[in-house]
Amino acid sequence: MDKKFLYYILKRAVLAVITIFLVITITFFIMNFIPGGPFMSEKSVKPETLAALNAKFGLDKPLHEQYFNYLKGAVKLDFGPSMKMDGRMVTDVIMEGFATSAKMGLIAAAGALTLGLIFGSLAAVYHNKLIDRIIMVMSTAFVAMPSFIVATLLLWLLCVETKIFPANGQSAGGLVLPIVSLMLYPMAYTIRLTRSSMLDVLGQDYIRTARAKGVAPSKVLFKHALKNAVTPVITYAGPMIAFILTGSLVVEKIFAVPGLGKYFVSSIINRDYTMIMGTTIFLAIIVVVMMLLSDILYKLFDPRVDLS
Amino acid sequence: MKKSLALILAIVMVLCLGLTACTDNGGTTASEMTVCVGPYPDTIDPALNSAVDGATYVIHAFAGLVGYEQAEDGSLKLIPDCAKAFPEAVALEDGKVSYTYELKDGLKWSDGTDLTAADFVWAWNRAIAPETAADYGYMFDCIDGYAEGKLNVTASEDGKSLTIVLSNDVPYFNELLAFPTYMPVKQSIVEGNDSWAIDAATYIGNGPYKVTEFTQGQMIMEKNEYYHNADAVKTAKIIFPFNEDDSSLYANFQNGSYLFIDSVPNDQIDAIQAQYPDEYKVTGQLGTYYVSFNVNDEALKDFTEVEKISIRKALGLLLERNYICTDIGKAGQVAANTFVPMGLTDADGVTEFRANANGGAGYFSVNADDYQANCTEALALLADVAKSSGKFTVEGDTVTGFPTLTYITNEGTGHEQIATYMKEVYETYGITMKIEVQEWNTFLDTRKAGDYSFARNGWLADYNDPISFLDMWLTESGNNDCQFGKGDHATYAGYSYDGKDGLTWAESFDVIIAKIKASKDPAERFELMHQAEDILMSTGAICPIYYYTDQFMCSTSIEGSFVSPLGYKYFMYATVAE
Chain C
3 MDKKFLYYIL KRAVLAVITI FLVITITFFI MNFIPGGPFM SEKSVKPETL AALNAKFGLD
63 KPLHEQYFNY LKGAVKLDFG PSMKMDGRMV TDVIMEGFAT SAKMGLIAAA GALTLGLIFG
123 SLAAVYHNKL IDRIIMVMST AFVAMPSFIV ATLLLWLLCV ETKIFPANGQ SAGGLVLPIV
183 SLMLYPMAYT IRLTRSSMLD VLGQDYIRTA RAKGVAPSKV LFKHALKNAV TPVITYAGPM
243 IAFILTGSLV VEKIFAVPGL GKYFVSSIIN RDYTMIMGTT IFLAIIVVVM MLLSDILYKL
303 FDPRVDLS
Chain R
149 MKKSLALILA IVMVLCLGLT ACTDNGGTTA SEMTVCVGPY PDTIDPALNS AVDGATYVIH
209 AFAGLVGYEQ AEDGSLKLIP DCAKAFPEAV ALEDGKVSYT YELKDGLKWS DGTDLTAADF
269 VWAWNRAIAP ETAADYGYMF DCIDGYAEGK LNVTASEDGK SLTIVLSNDV PYFNELLAFP
329 TYMPVKQSIV EGNDSWAIDA ATYIGNGPYK VTEFTQGQMI MEKNEYYHNA DAVKTAKIIF
389 PFNEDDSSLY ANFQNGSYLF IDSVPNDQID AIQAQYPDEY KVTGQLGTYY VSFNVNDEAL
449 KDFTEVEKIS IRKALGLLLE RNYICTDIGK AGQVAANTFV PMGLTDADGV TEFRANANGG
509 AGYFSVNADD YQANCTEALA LLADVAKSSG KFTVEGDTVT GFPTLTYITN EGTGHEQIAT
569 YMKEVYETYG ITMKIEVQEW NTFLDTRKAG DYSFARNGWL ADYNDPISFL DMWLTESGNN
629 DCQFGKGDHA TYAGYSYDGK DGLTWAESFD VIIAKIKASK DPAERFELMH QAEDILMSTG
689 AICPIYYYTD QFMCSTSIEG SFVSPLGYKY FMYATVAE
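Quick note, the sequences are listed as chains C and R, same order.
3 is the number of the first residue of the first sequence in this note's numbering; add one for each residue after it.
149 is the number of the first residue of the second sequence in this note's numbering; add one for each residue after it.
In case anyone wonders, no lab produced these hints; they're calculated from the structure.
What you are looking at is a predicted structure, and each value in this text was computed from that prediction instead of being measured.
Among the hints, a few may not be true.
Unchecked claim - EDC-like cross-link-like pairs, simulated, lysine to aspartate or glutamate; straight-line CA separation at most 16 Å:
id, chain 1, residue 1, chain 2, residue 2
1, C, 58, R, 342
2, C, 301, C, 44
3, R, 382, R, 599
4, C, 48, R, 619
5, C, 6, C, 308
6, C, 225, C, 304
7, R, 256, R, 373
8, C, 48, R, 279
9, R, 634, R, 599
10, R, 668, R, 241
11, C, 48, R, 289
12, R, 371, R, 361
13, R, 596, C, 44
14, R, 256, R, 306
15, C, 45, R, 624
16, R, 648, R, 658
17, R, 449, R, 599
18, R, 582, R, 564
19, C, 45, R, 619
20, C, 58, R, 279
21, C, 45, R, 610
22, C, 86, R, 342
23, C, 45, R, 593
24, R, 539, R, 450
25, C, 48, R, 624
Claimed, not checked - Short derived list, chain R residues pointing at chain C, Cβ under 7 Å:
id, residue
26, 281
27, 366
28, 399
29, 403
30, 589
31, 592
Even for Gly, the Cβ is constructed at its ideal location relative to N, Cα and C.
So here's chain C without its partners, still in its complex pose (with noise of 0.2 Å):
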């Protein structure tokens, strides 16, 4: 690592601090002007108890103060306690849907991305030819079809149907399905980048002399072609991630898991001010990682990149 390499790094953690600043700062203020409230139902509270809810969260002061009150937790990571899950801090419940979340969305994006490079690979080495187009016609298909049909397919056909799997996220093996849901768009995804950055570098010089050289093929195809090829993939793979780690409300819904996917919108719908900060927060972090990362890659496997 040289000094300049450090240096970029610096700088990008620098940058991150911002973004995610504004980040919260965008997020606070136009979740106060939107209407509602955490504590509005169909049955309205009575004003003392309004009060006494608006006491306790610290809703009663002004604006300004509740932001920079707010921003003073957030450094500390401590995002308060929820406003509508009694008794929850909202660090806990992201944290534990995160763990489950996390775990299918790792196994889920390690699959989408080794099964991608794969098929890409192999649509390109035999390009046009039947492998190809079986594999092009499906990842057409998966890239098509929203998560909801596709899960909702594997639902009927798999848990309804053949019973085969169990219909939700809470038994044994229920994880299954909602893992193959989350990973097949970003599998298809990761096949045709592969696929099209594959038959530019194959058609490369380089490429013709190492064959020449007696170069074994699947060397060549791995070795020289594929390490070239992955520029692309890497660029998508890191926002890719930052989602797919933090959980699909479709997915989840569908298939009941207990994620963190649902969080993003319910904390919405529901006015719960702190979630709402703690999940994009959360996100916005997880987001910025990912992305530095795959900067990070790209330098590694294309060394010609310039990072300053």
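We have chain C; now place chain R onto it with these hints.
Only chain R this time, still in chain C's reference frame:
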């Protein structure tokens, strides 16, 4: 290459693990049952809970002075639970009433420690304390001392009896005692610990079951050996998975994972009824689905109050409620012609309150044969308004120049379908209605602020007494979505009460409600409640559509479970066939 291969192998292994693991996840045995009553609950603290699913968890983990039991004929009856018997009321000098409940011997918390009458005193005062901020704190408002923040409830020295003083006798008091908010909680655990109810270790109750696991995925309850009636509890373990997606619930019911689900996909009701005639159940629920009009609506500000009343009544009469129930609701809903719903009883405790509404006829006919007559009446009302106001015209079946009204509703297939139906009906007469679908919280906010013309609305009872459908319309009530007695309506003096005409909302409706609350004579009380409903319905601002029903699916292998009219599910005495 090797690394990718290892990864693939790892994935294959994980998949195989999943497969083998799920094969031994067979059907539920008699020692446990898996039933789903809702999503991850906001709270299961008895004082703070105000949700139906939360109440179901609470009644399994706690026991109040009074409980429910299913009689031979399937009806529910109140039984003493922690109490030995139902005491007689003792009239006090100042018109107050006191009840003394003797507790059963040897009552214990699920951690084995003793439970005394003092625990009830502490729990109830906690529930009404402002710092607890409990939604349902007002459930204690019939107890003397509520207004001062210190309930007139005392435990005897030996902790074996509890004396409760009510400011005036309420006929439904025993029912209140079975309500989750009235459950005792253990002071030493709850005091100063906001998180006691989220951790199985500190969630100590006194009910038939105790919570042994509580995660975001599920709650597991196991039989509480310290429960005073533990012999009646047959199933050792109940698993409550959290799930809120209708399709997912149904899939889990179909493949046998869940033996009970509390809602079904609305668009599949026909198929479900055909396929699961014994499992799909519909029971009555104490609630009314209705349309509320804003009495201070800007869109109608050019009309007089009397004209506005006719317009609102006409718009209500044009709707065919039977169509809404059978073709849109599809879950056994009953067409409504009163605001106080089906299931609430009158003074005698047997006759339905609505059977005596408006002298027995209801406020209009919902008989399918009378629909044409209703429409004719509606057009006549509109024609009168057209004549007196000159703002629009009515010729035959056609209304021309009527102001465009906007209907607001929250998201939801059923709500939106009803809105579309209304729009179509009004359009056939030349009346334009705009539909605005709002996200839930925004919707509540708009409705409460009175920033709308007319809106979807619904109300569910907390106990079997019509008052909760009436006191919500007090001028200062937080649920007065119609804005009665507010803004311009505050000065409108068109109501009659007690032989006097020309009274404002505050002088008529608010006065009756105050009188009902102070009344000590049940017959008079119910008579006043009928009068209050008469005034309410005379405004035309409440347009009842149907009485709610509760639909669920319950496996035929479960026996002995039952549902209360408030929608709470009782599994504590249920058994599951192997």
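Each hint tested on the structure:
Between the alpha carbons of residue 58 (chain C) and residue 342 (chain R) the distance comes to roughly 11 Å, so the proposed pair stays at or under 16 Å and holds. Simply put, residue 301 (chain C) and residue 44 (chain C) have alpha-carbon atoms about 55 Å apart, too far for the 16 Å limit, and the pair is violated. Among the hinted pairs, residue 382 (chain R) with residue 599 (chain R) is inconsistent with the structure: their alpha-carbon atoms are about 53 Å apart, more than 16 Å. Between residue 48 (chain C) and residue 619 (chain R), the direct Cα distance comes to roughly 13 Å. Compliance with the 16 Å bound is thereby established for this hinted pair.
For the hint linking residue 6 (chain C) to residue 308 (chain C), the alpha-carbon distance of about 10 Å falls within 16 Å, and the restraint holds. Our distance criterion of 16 Å between C-alpha atoms is met by residue 225 (chain C) and residue 304 (chain C), whose separation comes to about 13 Å. Distance hint between residue 256 (chain R) and residue 373 (chain R) is fulfilled; the C-alpha atoms sit about 10 Å from each other, no more than 16 Å. Using a Cα cut-off of 16 Å, the hinted pair residue 48 (chain C) and residue 279 (chain R) holds, with the two alpha carbons roughly 13 Å apart.
As the CA atoms of residue 634 (chain R) and residue 599 (chain R) are separated by approximately 13 Å, the hinted pair is consistent with the 16 Å bound. Of the supplied pair hints, the one linking residue 668 (chain R) and residue 241 (chain R) holds, its CA atoms being roughly 13 Å apart against a limit of 16 Å. The hinted pair formed by residue 48 (chain C) and residue 289 (chain R) meets the criterion: a straight-line CA distance of about 12 Å does not exceed 16 Å. The straight-line distance between the Cα atoms of residue 371 (chain R) and residue 361 (chain R) is roughly 13 Å, inside the 16 Å bound, and the hint therefore holds.
The straight-line distance between the Cα atoms of residue 596 (chain R) and residue 44 (chain C) is roughly 10 Å, inside the 16 Å bound, and the hint therefore holds. Using a Cα cut-off of 16 Å, the hinted pair residue 256 (chain R) and residue 306 (chain R) holds, with the two alpha carbons roughly 15 Å apart. A hinted pair counts as satisfied when its Cα atoms are at most 16 Å apart, and residue 45 (chain C) with residue 624 (chain R) qualifies at roughly 14 Å. Proposed proximity of residue 648 (chain R) and residue 658 (chain R) is supported: the alpha carbons are some 15 Å apart, at most 16 Å.
Taken as a hint, the residue 449 (chain R) and residue 599 (chain R) pair is honoured in the structure, with Cα atoms around 13 Å apart against an allowance of 16 Å. Restraint check: the Cα-Cα separation between residue 582 (chain R) and residue 564 (chain R) comes to about 12 Å, which is no more than 16 Å; the hinted pair holds. Between residue 45 (chain C) and residue 619 (chain R) the alpha-carbon distance is near 12 Å, which keeps this suggested pair within the 16 Å criterion. About 8 Å separates the Cα atoms of residue 58 (chain C) and residue 279 (chain R), which keeps this hinted pair within 16 Å; it holds.
The suggested pairing of residue 45 (chain C) with residue 610 (chain R) holds, with an alpha-carbon distance near 11 Å, which does not exceed 16 Å. The hinted pair formed by residue 86 (chain C) and residue 342 (chain R) meets the criterion: a straight-line CA distance of about 13 Å does not exceed 16 Å. Distance check on the hinted pair: residue 45 (chain C) and residue 593 (chain R) sit about 12 Å apart at the alpha-carbon level, within 16 Å; holds. The hinted pair formed by residue 539 (chain R) and residue 450 (chain R) meets the criterion: a straight-line CA distance of about 8 Å does not exceed 16 Å.
Pair hint residue 48 (chain C) plus residue 624 (chain R) holds up; C-alpha atoms about 10 Å apart against a cutoff of 16 Å. At about 4 Å, the closest approach between the beta carbon of residue 281 (chain R) and any beta carbon in chain C falls short of 7 Å, and the interface hint on this residue holds. Look at residue 366 (chain R): its Cβ gets to within about 5 Å of chain C, closer than 7 Å, so that hint holds up. Contact between residue 399 (chain R) and chain C, as hinted, is supported at the beta carbon level, the nearest pair being about 4 Å apart and thus within 7 Å.
Annotation: interface hint on residue 403 (chain R) holds; nearest CB of chain C at approximately 5 Å, less than 7 Å. With a cut of 7 Å, the hint placing residue 589 (chain R) at the interface with chain C holds, because the nearest CB-to-CB distance is about 3 Å. For residue 592 (chain R), the interface hint holds, the least distance from its beta-carbon to any beta-carbon of chain C being 5 Å, beneath 7 Å.
In summary, the structure is inconsistent with hints 2, 3 from the numbered list given earlier, while agreeing with the others.
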